[in-house]
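Spelled out, the chains give:
There are 2 protein chains.
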Amino acid sequence: MEQNGNITAAVLVIGDEILSGRTQDQNTSYIARYLGEIGVELREARVVPDVTEEIVAAVDALRRRYTYVLTTGGIGPTHDDITADAIAAAFGVEIDEDPRAVAMLLERIKPEDLNAARRRMARIPKGAELIENVISKAPGFMIGNVIVMAGVPIIMQAMLDAAAGRLARGAKVLVATVDADSLPEGRYAADLSKIAEAHEKVTIGSYPSFSSAGVRNQIVLRSRDADELERAAGAVRSLIARLSANGTPI
Amino acid sequence: MEQNGNITAAVLVIGDEILSGRTQDQNTSYIARYLGEIGVELREARVVPDVTEEIVAAVDALRRRYTYVLTTGGIGPTHDDITADAIAAAFGVEIDEDPRAVAMLLERIKPEDLNAARRRMARIPKGAELIENVISKAPGFMIGNVIVMAGVPIIMQAMLDAAAGRLARGAKVLVATVDADSLPEGRYAADLSKIAEAHEKVTIGSYPSFSSAGVRNQIVLRSRDADELERAAGAVRSLIARLSANGTPI
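Which chain is which? The protein sequence lines are A and B, in order.
Letter 215 of the first sequence, counting from 1, is numbered 206 in the working numbering, and no numbers are missing.
Letter 34 of the second sequence, counting from 1, is numbered 25 in the working numbering, and no numbers are missing.
Bear in mind the hints are in silico, worked out from the structure with no lab data behind them.
Treat the hints with care, since some could be wrong.
Straight-line distance between alpha carbons at most 27 Å, and here's what the computed DSS-like set of lysine-lysine pairs gives [what the hints assert, rightly or not]: (1) A/K192 / A/K163; (2) A/K101 / B/K185; (3) A/K185 / B/K185; (4) A/K128 / A/K163; (5) A/K128 / A/K117; (6) B/K185 / B/K163.
I would like the entire structure built from these sequences, with the hints used as guidance.
Here it is as structure tokens:
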């Protein structure tokens, strides 16, 4: 599950509200940056609806391919929160109320208010380790290589902090960014391609953004090899300095 | 490819910059809302890196399952723009410079500036229809049930406008939202579940959001059946009115 010795991950976003466009997913980019900082490379992300078979199929596909799978969403007290049961099904294990999770809920919920719906948040697949939730107490969990977190961003972020210590860490991908400003991509593309070919250990991307001020291009270089990154970035800087913007806009 | 007679779609976001967290994807939520307006249901989204085999595998999996697949990213002039070639590979068709696409590029690029890199943007898989790009001219395309668009949001949006006329339209999913405000999910979860069970044609979700003002919950009902939606929404409104916030916060 580790590709070329690297530590890899996939994010699985679970929730109708993302697929309807009601809610803008912010968790994937947060997780991407967070994992990058600890040397875990996000290689894929998926969004699936609140449908058990879809969740099971995606978890199964992703957990076999990547070192870790991080899921967000679907672990609250309402009927549409089906993630824990789906994860248990994907692993073929039992799921039941976990006394450790009940104890966590009781830190925030009075015993007389711990009704059946709230107890659902203590349903944890057999064999899972709990992930603490300092915000609202209802825990996430980790089973095998799958980390199950809430969808609400501040809770997800707290759970990621709590889970990060359990993750293997790889060599961090280093990044260099070269501003091409308004220099059109079409001016530097051919030479940039040659630089990319000459530096196999460096991944180079060119990213335009459009605003009322016009097009602005950035070239982003990524590598685990600091020396190779610096050589490639130097070559790109020289290339951009050599060219100057002309009238053709793309 | 149509599930239960509904028109369905998947989004495939192509780009290392999304998986590294450099760029926040905004296209998926835009496409989700846009498709919803024309009765096309977004059922899945995936993000894959700029790697040919990953793009081919995802396109192949998704185009067999859904009525449409909409891709974003990877159709510019630089070496990391490999989407058109990957789509041709997925369909097993040739890819070459398309004279219609060259003509579009020449609306914006002077003939003497139409270098090899810029000509890459005219590479179109055999049998594809072009999708006009009123912003920067380099076209997207549609082949089979796959719609290939740029990653830059304003260009993607223009291409979606240009492509929308070619899509089959289904019955629009109607939405009703009931504010539960600070009423805890755990208070209404059991009764909400019963309402959901009693209205099979209505999908009901409960969505908390956290801010400095505390937790705020919204219940979202979705259905193609206006009468059923109104009945279920009425039941939810009565439920929420009947309950009042107490001290247990989740």
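### Task
Would you pick out the hints that fail for this structure and give their numbers low to high?
Of the numbered hints given earlier, those the structure breaks are 3, 4, listed in rising order.
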